Amino acid sequence: MIDEIPLSRPDVTQREIDAVVEALKQPRLSIGPMQERFEAAVASTAGRRHGVAVSSGTAGLHLALLALGIGPGDEVVTTPFSFIASANCILYTGATPVFVDIDPVSLNIDPARLEAAITERTKAVIAVEVFGNAARMDECRAVCARHEIPLVEDCCEALGAVHKDRPAGSFGRVGVFAFYPNKQITTGEGGMIVTDDDALADLCRSLRNHGRPAPRTAVWNGSSPADANDIAAGPLVHERLGFNYRMSEINAALGLAQMERLSEI
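Under our numbering, think of the first position of the sequence shown as 2, with each following residue one higher.
Warning: the hint list may mix true and false statements.
The following label-pair restraints were derived from C-beta to C-beta distances [as the list claims (entries may be wrong)]: (1) 237 with 166: 42 to 48 Å; (2) 237 with 41: 25 to 31 Å; (3) 237 with 140: 42 to 48 Å; (4) 104 with 27: 45 to 51 Å; (5) 114 with 166: 21 to 27 Å; (6) 4 with 262: 22 to 28 Å; (7) 5 with 48: 15 to 21 Å; (8) 27 with 261: 15 to 21 Å; (9) 189 with 106: 17 to 23 Å.
It should be emphasised that the hints constitute simulated quantities derived from the structure, not laboratory data. All of these numbers come straight from a predicted model, not from anything done at the bench. Idealized CB from N, CA, C, for every residue including glycine.
Could you put the whole structure together from the sequences, leaning on the hints where they help?
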């Protein structure tokens with residue numbers, strides 16, 4: 002019998018187990034302090050001001066496009082050499098994916114081919130960084146800047162990668178990491194949107210939580226009666242169509258413990 006060689010295996014120690022157990026002892030299991038600390042840790046690693054934790058990298062890509070206003074009739078350029086979520090997130094919005102081939106060295110989108118794929122309907126570019134390889138993001142950014150379209154960095158597989166002394170996640174208008182068990186760190190399931198754009202971050206926070214206004218996205222916990230002013234102020238108001246893309250405190254605790262071991266992992 003031939004032993005199976007796994008494609009990947011999560012690196013989980015007693016530290017992570019203890020962190021998850023401690024999270025389970027807390028009264029708040031969703032959108033709480035663990036999530037905020039995890040968001041700050043990932044944002045710092047990516048060199049960004051904001052981190053928005055979500056339920057998966059796919060959810061993060063979906064919200065990033067929605068926050069950028071992508072919709073039916075639009076085109077979004079990306080690469081076919083990626084996990085299917087890089088194209089599916091475009092289809093979720095009603096837009097059309099346009100594929101550009103990769104370069105043979107990095108296996109990421111080829112900036113030299115990118116310009117030819119852009120039309121008047123192109124509203125964004127999703128540059129994917131596969132297998133932990135940083136893409137030629139400076140060149141992709143230059144093309145996007147010439148055409149005044151946002152660059153979305155699909156860095157789901159590239160947490161900790163560096164291109165020309167800049168970390169993955171720091172190049173696009175918005176970047177998205179994933180924490181599935183085959184990634185650099187894992188939360189079991191989870192993702193993170195990173196950006197320096199205050200308004201975009203707040204919109205993503207709202208969209209992940211059923212369209213409730215940000216930054217007051219917490220669910221009323223029953224500790225005190227909700228009066229009319231509380232309701233009008235936000236927690237029970239839904240400003241827009243949103244999604245249940247939240248990350249639990251349990252997942253966030255696992256992710257935070259993993260981030261503390263990122264260089265080791």
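These are the hints, each one checked on the structure:
no.: 1; hint: 237 with 166: 42 to 48 Å; in the structure: holds, 46 Å
no.: 2; hint: 237 with 41: 25 to 31 Å; in the structure: holds, 27 Å
no.: 3; hint: 237 with 140: 42 to 48 Å; in the structure: holds, 47 Å
no.: 4; hint: 104 with 27: 45 to 51 Å; in the structure: holds, 47 Å
no.: 5; hint: 114 with 166: 21 to 27 Å; in the structure: holds, 26 Å
no.: 6; hint: 4 with 262: 22 to 28 Å; in the structure: holds, 27 Å
no.: 7; hint: 5 with 48: 15 to 21 Å; in the structure: violated, 38 Å
no.: 8; hint: 27 with 261: 15 to 21 Å; in the structure: holds, 18 Å
no.: 9; hint: 189 with 106: 17 to 23 Å; in the structure: violated, 33 Å
Against the hints set out earlier in the document, violations occur for numbers 7 and 9.
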